[in-house]
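Under our numbering, residue 712 is the last one in the sequence shown; the count climbs by one each step, no gaps.
Misleading hints may appear alongside valid ones.
Estimated spans, in silico, between C-beta atoms of each pair [as the list claims (entries may be wrong)]:
1. 615 / 650: 16 to 22 Å
2. 620 / 563: 41 to 47 Å
3. 444 / 236: 52 to 58 Å
4. 651 / 235: 43 to 49 Å
5. 705 / 615: 39 to 45 Å
6. 546 / 678: 50 to 56 Å
Please keep in mind that the hints were generated in silico from the structure rather than gathered at the bench. Backbone N, C-alpha and C fix where the C-beta goes; we use that ideal spot for every residue, glycine too.
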Amino acid sequence: MFAKAVAFKNGIPLFAALFLVVVFVIFVVPLTKHRIIGTGDIIAHLTTRAFFSEQIRSGVLPLWNPYIAGGTAYFADSGSEFFYPPQLILGFLHDQLLAINLNIILHIWLAGVLMFWFMRRRAFSLFGSLCAAIIYAFSNVIAARVFIGHINYIQTYALVPALFIVGEYFLNATTPFKQLRYGMYFSLVLAALFFIGVIQLLFYGLLLWFGYMVVRLYQQKELLHIRRWGILLCSGIVALLLVTPQMTPTQLTLNESIRSGPLSPEFLLQGSASIQNWKRLIVPNIYGSVLDQSFDEHASGGASYPESALYFGLLPLFLLLFAWANKPRRATTIFLWISAVIILWLSLGKYGGLYKLLIEFPIINRLRIPTRVLMFIPLIGAFGAAIGLEALLNKAFFKKIPNRIAPFAILILLVFDLGVVNYPLLTFYEPKLGKLVKSNDLITLLHDELKNERFRVINLKWQAPVFHIEDLNGEAGFLNKHLVEYVNYLNGIPIEEYEFRGGVGAAGLVVKGNFDSTLVDLYNVKYIVIKDGDDALVTENEGYYPRVLVADNYTVISDKRQALDYLASDGFDAYAQVVLAQEPFGTSTNSGATQPKVAQPQKSATISAYSPNTITIHATSTEPAWLVLNDLYYPEWKARINGAETPVYRANYIARAIALPSGAHTIEFFYDSSTIKRGMYISGATLILLLGFIALSYTKERHEKN
Numbered sequence: 007m008f009a010k011a012v013a014f015k016n017g018i019p020l021f022a023a024l025f026l027v028v029v030f031v032i033f034v035v036p037l038t039k040h041r042i043i044g045t046g047d048i049i050a051h052l053t054t055r056a057f058f059s060e061q062i063r064s065g066v067l068p069l070w071n072p073y074i075a076g077g078t079a080y081f082a083d084s085g086s087e088f089f090y091p092p093q094l095i096l097g098f099l100h101d102q103l104l105a106i107n108l109n110i111i112l113h114i115w116l117a118g119v120l121m122f123w124f125m126r127r128r129a130f131s132l133f134g135s136l137c138a139a140i141i142y143a144f145s146n147v148i149a150a151r152v153f154i155g156h157i158n159y160i161q162t163y164a165l166v167p168a169l170f171i172v173g174e175y176f177l178n179a180t181t182p183f184k185q186l187r188y189g190m191y192f193s194l195v196l197a198a199l200f201f202i203g204v205i206q207l208l209f210y211g212l213l214l215w216f217g218y219m220v221v222r223l224y225q226q227k228e229l230l231h232i233r234r235w236g237i238l239l240c241s242g243i244v245a246l247l248l249v250t251p252q253m254t255p256t257q258l259t260l261n262e263s264i265r266s267g268p269l270s271p272e273f274l275l276q277g278s279a280s281i282q283n284w285k286r287l288i289v290p291n292i293y294g295s296v297l298d299q300s301f302d303e304h305a306s307g308g309a310s311y312p313e314s315a316l317y318f319g320l321l322p323l324f325l326l327l328f329a330w331a332n333k334p335r336r337a338t339t340i341f342l343w344i345s346a347v348i349i350l351w352l353s354l355g356k357y358g359g360l361y362k363l364l365i366e367f368p369i370i371n372r373l374r375i376p377t378r379v380l381m382f383i384p385l386i387g388a389f390g391a392a393i394g395l396e397a398l399l400n401k402a403f404f405k406k407i408p409n410r411i412a413p414f415a416i417l418i419l420l421v422f423d424l425g426v427v428n429y430p431l432l433t434f435y436e437p438k439l440g441k442l443v444k445s446n447d448l449i450t451l452l453h454d455e456l457k458n459e460r461f462r463v464i465n466l467k468w469q470a471p472v473f474h475i476e477d478l479n480g481e482a483g484f485l486n487k488h489l490v491e492y493v494n495y496l497n498g499i500p501i502e503e504y505e506f507r508g509g510v511g512a513a514g515l516v517v518k519g520n521f522d523s524t525l526v527d528l529y530n531v532k533y534i535v536i537k538d539g540d541d542a543l544v545t546e547n548e549g550y551y552p553r554v555l556v557a558d559n560y561t562v563i564s565d566k567r568q569a570l571d572y573l574a575s576d577g578f579d580a581y582a583q584v585v586l587a588q589e590p591f592g593t594s595t596n597s598g599a600t601q602p603k604v605a606q607p608q609k610s611a612t613i614s615a616y617s618p619n620t621i622t623i624h625a626t627s628t629e630p631a632w633l634v635l636n637d638l639y640y641p642e643w644k645a646r647i648n649g650a651e652t653p654v655y656r657a658n659y660i661a662r663a664i665a666l667p668s669g670a671h672t673i674e675f676f677y678d679s680s681t682i683k684r685g686m687y688i689s690g691a692t693l694i695l696l697l698g699f700i701a702l703s704y705t706k707e708r709h710e711k712n
C-alpha cells in the first residue's frame, strides 16, 4: 500500500499530506493557544486585514482605509492582496489572527510541496526531492521573514517554484495545444504572484526563471524555437489582462505617492549588505540574533537581519558546491552557480558596482533595498543541493553503505542543522502584540468622544484601524506625497525629504513634534497620544478644526513652501479662506481677504453619514462659498451636490474642497470605483476564456486518447 502511495503521482500527494502534518506540529502552540505567529510587521498585517475582513464580510469593496496614515487607498495598494485567492478566502474569517496564522502555515507548506513537485518533475529521487523541499521551506531566509512578519514576502517565496514547475510542463509538452495550455497556467501563476504585491521579488523571480528557461531550451535544442517564445509572450499578455483591476489603481496611487518622481541613489541603495555579510552563508548569527536584539546591522553593511539572511544549511551548501560532480546535470549546476554569484553581487548594493549600474535602468530605478534579492538564494541552494546529493550517493563509498542508512543520516543532519537555527525564529512569541488588539481605557475614552463628532489622533498607531479611530501617523505601501510633505514641514525637515527613518519614509509616517502648529489643527487632530511603555499620556488639542467646514472664499498658492508657510501662519483662518493648489474653474465664489476665525451663523456643514467609501454632508450657506472636507485629497474621490457631480480640489495642501452654491444642499463624497470595475470586467472575461480553453484542451486530449 505504501509503495503504491509513493508511486502515485510521483509521491507528491503523499508528501503533501505528511508535510502538512509536520508544519501543523511546528505551529501547534500558536494555533491551540490563539497566539499570533511572528512579530514586528505582523501587527500591521493584523490590523489592516481586520479592516479588509470587516469590509468584505459586509459586502463592501475595501477601497479606502481612513484609519491609518491620514487615509490610504487600500484597494490600490499593491500589497492589499484583494485578488490573491488565499487572502480573499481567509478574509471572510471573523478571527483575523487565526486567518494570518493559517496564511503563514499554508505558505510554508506550499513552499515545501511546490519545491518537492519541481524536483520530482526534474526526475530527482524521492529522497533528493525531500531534502530540497526541507531546505527551501525551512531556510533562515523564510524563518527570518516569519519572525519579522513579512507575510507578502513569505507568500511570494512559496509560489516562485510554481513558475519553474509550469515551465517544466511547458518544456515537455510536444503539441502546440499542450504548450498553449501550460502557457495559460503560467499566466495564472504570474497573476497570483502579482496580486501578492511584492513586485520587486516578482521581477527578480522572473529574471531567474527566464535564465532557467533559456538554459533548458538550449539543452532541448529549442532556444530559437519561435512558437515556444511566442506562446510565452502570449502568456505574459494574458497575465497583464488578468491583473488589470489591480495594476491600474496601483499605478494611480503610485503617481500620488512619494515614489512618483525620481528617487535618489541613496534612497534606492538603503539596505545594502557588504561582502562581510556573505559569512552568514556559513554562520547565520555571526553578527548577532534578532531573538535577543543583538544583531549588528552596521557589521553586515547596513541591512537588517531578515533582509540580509542567507543561510540554508551547512550540508546543503557543501552539496551545492559538490554538484559539479554530477555530470548529467552540469549545465544546470553552472547556471545555478552563476545565478548565485549575480545575486550575491547585486545584494552588495552600494558596496558593489552592479546594482549601482542597474539603477539607471527602468523598473530597477523604482526598486529599493538590494538585499531583497537574497530571498532566491535558498531556491538555488535547495536545487543545487539535490544535484550534489544525487552525485554524492552515487559515489563508490556511499554505495557500500546500506541503502537506508546514508539517506537517513543525511536527513537527520539536515533537520538538526536547520532546526537549531530556525525553529526559535518560527515559534517566537511576543506577548505584547496581543494587547494591541484589545480595548483599554484610552480606546474607551476615544470611542465615547467619537459618538459626538469625527476627529483624528496622533500616535495611536496600530490600534487605530482595529477600533475605527483615525490616526495621522501610520504606514502604507505608497505614502501620499502631499501628506508626507505636510508632515515633514511639521517635523522641521525639508518637505521633499523622503529618506527612510527620517521624518517619514518609504512606509512609515510619524509626526514627531510641533503639535501646536495650525497644520495639526487643520487636519482635525483632537488628541495627541504620547506613549511611554504600556502607559499613555493623552493631550487634547483645543484649537482643532472640525472634519467639515464652510470657508467664505479662496486663494491659490501653487508653490509648496509658500502654501505651507501661509497655512502655518498665525493669521490663517480656515473658516474665512481655503488655500487651493490650482485655480478653480466655473465658480462664482470669491478670492479675497480673510475674515476673523468665527463660524458665521449663515453657513453650516454637518456630516450625516460617514463610511470608508462614502461621506454624506448637509451644508447651508446664504452666499456662494467653499465646503472643505478635512480628509486626504485623492483623485478617485469625487463629489456630488444634490446629485450633480462637481469638481473636487486639493485644498489646504492635503484636504478636499468643492465650490458650494448658496442655499441648502446635500453633498456626497464617494470613492469612484469605475476604473476598478472596468478592470474586473476585463480580468473576469479573460479568466473565463482562459479556463474555458484549459477545459477544452483536456476534453480534446481525452477524446484523442479514446
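Here is what the structure says about each hint:
1. 615 / 650: 16 to 22 Å: holds, 19 Å
2. 620 / 563: 41 to 47 Å: For residue 563 against residue 620, whose Cβ atoms are near 30 Å apart, the range 41 to 47 Å is violated.
3. 444 / 236: 52 to 58 Å: holds, 57 Å
4. 651 / 235: 43 to 49 Å: Given a distance of about 47 Å, which is inside 43 to 49 Å, the answer is holds.
5. 705 / 615: 39 to 45 Å: violated, 52 Å
6. 546 / 678: 50 to 56 Å: Given about 36 Å between the Cβ atoms, the range is violated.
Checked against the numbered hints listed earlier, the structure breaks hints 2, 5, 6; every other hint is satisfied.
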